[in-house]
Amino acid sequence: MSRGAPGRQRALTTHRGDGVFAAAAGPRAMTRPTISSVPVAILGAGLTGMAAAYHLGRAGVPHRVFERLPRPGGHAITLEDAGFRFDRTGHLLHLRDPATRELALSWLGPDPLEIERRSMIWSNGTYTRYPFQANTFGLPPAVAYDCLRGFIEAHFAKDRPLPRNFEEFCLAHFGEGISRHFMIPYNSRLWGVHPSEITADWCSRFVPIPKLEDVLAGAVGLNDRELGYNARFLYPRLGIGQLTHGLARALAEQRPRDAGTPAIELSRSPRSIDWRARELVFDDEIVRYDVLVSSAPLPALVRLLSDAPRAVGEAASRLRCTHLYYLDVALDTPCGQPLHWVYVPEAKYPFYRVGCYSHFSAAMAPPGKAGLYVELADRAEPDLAALLPRVAEGLVEMGLIPAPSAIRFARLRRIDHAYVVFDHSYFGSLEAVRPFLEGQRILSCGRYGGWNYSSMEDALHFGRDAAHRAQALLGGAP
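So the sequence shown is residues 1 to 478, counted in full-length UniProt numbering.
Hints listed in this document are in silico derivations from the structure and should not be mistaken for laboratory results. Some hints could be false.
[Stated by the list, open to error] Label-pair restraints from in silico Cβ distances:
#, residue 1, residue 2, range
1, Glu114, Gly260, 47 to 53 Å
2, Pro70, Phe206, 31 to 37 Å
3, Leu473, Pro404, 56 to 62 Å
4, Pro367, Leu69, 30 to 36 Å
5, Ala82, Ala385, 35 to 41 Å
6, Gly475, Pro33, 25 to 31 Å
7, Phe206, Glu80, 49 to 55 Å
8, Glu114, Gly83, 21 to 27 Å
9, Arg390, Ala259, 32 to 38 Å
10, Asp258, Asp201, 43 to 49 Å
11, Arg303, Tyr145, 50 to 56 Å
12, Ala403, Leu212, 41 to 47 Å
Please read these numbers as outputs of a predicted model, since none were measured by experiment. Positions of the beta carbon are idealized from the N, C-alpha and C atoms, including for glycine.
Input sequences plus hints: build the corresponding full structure.
Take a look at the structure:
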């Protein structure tokens with residue numbers, strides 16, 4: 001019998017009222033927690049968790065969504081500050097699947113912007129087009145020659161062994177020059193580890209591998225072909241948080257009036273998960289489930305499991321990710337370059353990427369002003385007072401601001417889970433964890449629940465697919 005079937009007790013919880021979502025009530029004056037049941041429990045109200053809830057709702061499958069934070073969206077949020085709007089760095093919608101695009105447009109509202117990418121690389125004191133490996137025109141002649149020669153040598157090399165790591169992947173596909181001048185230094189700064197420490201399994205979709213004719217044309221300024229998965233993207237006029245708000249509204253509209261709980265239960269995180277009894281243990285409630293969908297970071301999920309097998313816990317502890325510090329920067333002037341974002345491989349700059357929110361949408365900043373995000377290479381928490389002059393100096397050198405005085409304010413932000421590190425223990429660790437969870441009807445999915453490198457469209461697909469798998473486990477057709 002399903003735990004959500006009428007034969008099970010389904011006690012009322014503390015949450016009441018309609019609306020998109022609601023926070024938990026205060027402590028109860030009681031000695032025992034309430035016990036309730038639901039066919040599908042969902043941990044996490046980022047894009048993956050909300051997408052899972054949406055597709056379960058469409059299928060009429062009862063479910064509850066629990067979010068640890070006081071707001072939904074995960075990283076897909078927009079903050080407002082003194083008339084400026086800031087996302088959590090660049091969050092752009094690259095939608096390839098027609099059905100997903102149709103859904104996303106319904107959540108975004110009537111005025112999303114469709115944008116052609118303008119991204120550049122800043123190195124050797126000059127701008128070149130993205131991707132670096134296909135656009136060496138404009139570099140100092142000796143650097144361009146180094147890159148072109150290395151690519152040709154790699155292209156015609158025979159009997160190349162399979163790359164064992166990302167450094168070898170770069171050398172095999174791009175040659176020594178491109179690898180030394182861009183791929184290795186930039187990716188060292190992005191990942192926080194040397195490319196020799198990570199595999200190349202993450203990059204097939206995200207790292208463009210140009211043809212020889214593209215590289216030759218790009219060396220003389222004749223390459224007009226846009227490479228890469230993100231050449232065009234959608235962006236909400238008021239920031240990526242519009243996607244979160246639209247999806248949350250859709251969940252609220254789906255929610256039956258007699259559900260007894262809101263569509264998203266905020267500030268709700270279980271103390272533990274009894275995986276044998278299939279129970280989420282909160283301070284004030286025990287929620288029994290038939291299937292658990294989790295988009296929480298995979299190591300954190302495993303730590304919640306009561307008495308998980310030792311091998312599973314040890315494998316989960318080996319899974320690595322980077323954190324990220326970045327600056328949201330408000331300018332009293334427009335951005336001085338007409339770009340969306342720029343990659344910075346050289347170690348003399350404290351940042352490895354800079355983007356302009358207000359070039360995605362003019363509504364992200366007051367008229368005549370601009371908002372930037374500046375992603376920092378150092379993983380140690382910076383002293384903003386000491387850092388900001390160095391950042392300003394770099395932005396002036398790149399022509400993004402006319403003078404340091406153009407910076408109205410800067411906010412230091414941290415992302416705890418930024419990039420999953422595909423080190424050499426990655427696959428073995430993942431395969432020690434995932435089958436155990438699936439055997440307990442725990443579907444861990446999403447960028448961090450699945451511990452992968454993926455896009456926002458992927459996040460929506462992960463949620464959809466988890467909903468279908470949950471339906472199948474419950475005995476219904478997806």
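### Query
Honestly, do Leu473 and Pro404 meet the 56 to 62 Å range at C-beta?
Hint holds: Cβ distance 58 Å, inside 56 to 62 Å.
### Message
Quick check on a hinted range of 25 to 31 Å for Gly475 and Pro33, using CB atoms only.
### Response
holds (29 Å)
### Task
Take a look at whether the Cβ-Cβ distance between Arg390 and Ala259 falls inside 32 to 38 Å.
Violated, at about 52 Å.
#### Entry: Hint check for Ala385 and Ala82 - Cβ pair distance inside 35 to 41 Å
19 Å Cβ-Cβ, so the 35 to 41 Å window is violated.
### Message
Please check whether Asp258 and Asp201 have a Cβ separation lying inside 43 to 49 Å.
### Response
Cβ of Asp258 to Cβ of Asp201: about 47 Å, so the range 43 to 49 Å holds.
### Query
Regarding Ala403 and Leu212, is the given constraint of 41 to 47 Å on their beta-carbon distance met?
holds (44 Å)
### Query
At the C-beta level, are Phe206 and Glu80 separated by a distance inside 49 to 55 Å?
violated (31 Å)
### Query
Between Arg303 and Tyr145, does the C-beta distance stay in 50 to 56 Å?
holds (52 Å)
### Query
Lying within 31 to 37 Å: is that true of the beta-carbon distance Pro70 to Phe206?
holds (32 Å)
### Query
Pro367 and Leu69, beta-carbon distance inside 30 to 36 Å?
holds (33 Å)
### Query
Is it true that the C-beta distance of Glu114 to Gly83 lies inside 21 to 27 Å, as the hint says?
Once the Cβ atoms are compared, 25 Å apart, the range 21 to 27 Å for Gly83 and Glu114 holds.
### Task
With respect to the beta-carbon atoms only, verify the hint that Glu114 and Gly260 lie 47 to 53 Å apart.
violated (41 Å)
The structure does not agree with the numbered hints 1, 5, 7 and 9 stated previously, though it agrees with the rest.
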